[in-house]
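A.B. asks: Work out the full structure: start from the sequences and follow the hints.
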Amino acid sequence: MNPLVTYMIAPLLIWAGIFGYLFWLDMRLRALEKRLEEEARR
1 MNPLVTYMIA PLLIWAGIFG YLFWLDMRLR ALEKRLEEEA RR
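The working numbering numbers the first residue of the sequence shown as 1 and each following residue consecutively.
Honestly, the hints are just simulated from the structure, not real lab data.
Some hints could be false.
To be verified - With beta-carbon atoms standing in for the labels, derived distance ranges:
no., residue 1, residue 2, range
1, Ile9, Glu33, 31 to 41 Å
2, Leu29, Ile9, 28 to 38 Å
3, Glu33, Leu13, 50 to 60 Å
4, Leu4, Glu37, 46 to 56 Å
5, Leu12, Glu33, 24 to 34 Å
6, Met1, Leu22, 28 to 38 Å
C-beta: ideal position from N, C-alpha, C; glycine also.
C.D. replies: The structure is reproduced here in structure tokens:
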């Protein structure tokens with residue numbers, strides 16, 4: 001494995017992990033908001 005390739009791939013994997021986590025967190029928060037709205041209507 002070429003060291004240069006590793007240096008190029010590592011940051012991409014890190015950014016992918018960060019964006020994936022933020023996206024997952026956003027989905028969780030939206031689901032939570034929706035559930036709170038439904039409970040508030042009752």
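A.B. asks: Now look at each hint and say whether the structure bears it out.
C.D. replies: A quick look at each hint next to the structure:
1. Ile9 <-> Glu33: 31 to 41 Å: This hint holds: roughly 36 Å between Cβ atoms.
2. Leu29 <-> Ile9: 28 to 38 Å: This hint holds: roughly 30 Å between Cβ atoms.
3. Glu33 <-> Leu13: 50 to 60 Å: violated (31 Å)
4. Leu4 <-> Glu37: 46 to 56 Å: Given about 51 Å between the Cβ atoms, the range holds.
5. Leu12 <-> Glu33: 24 to 34 Å: holds (32 Å)
6. Met1 <-> Leu22: 28 to 38 Å: Given a distance of about 29 Å, which is inside 28 to 38 Å, the answer is holds.
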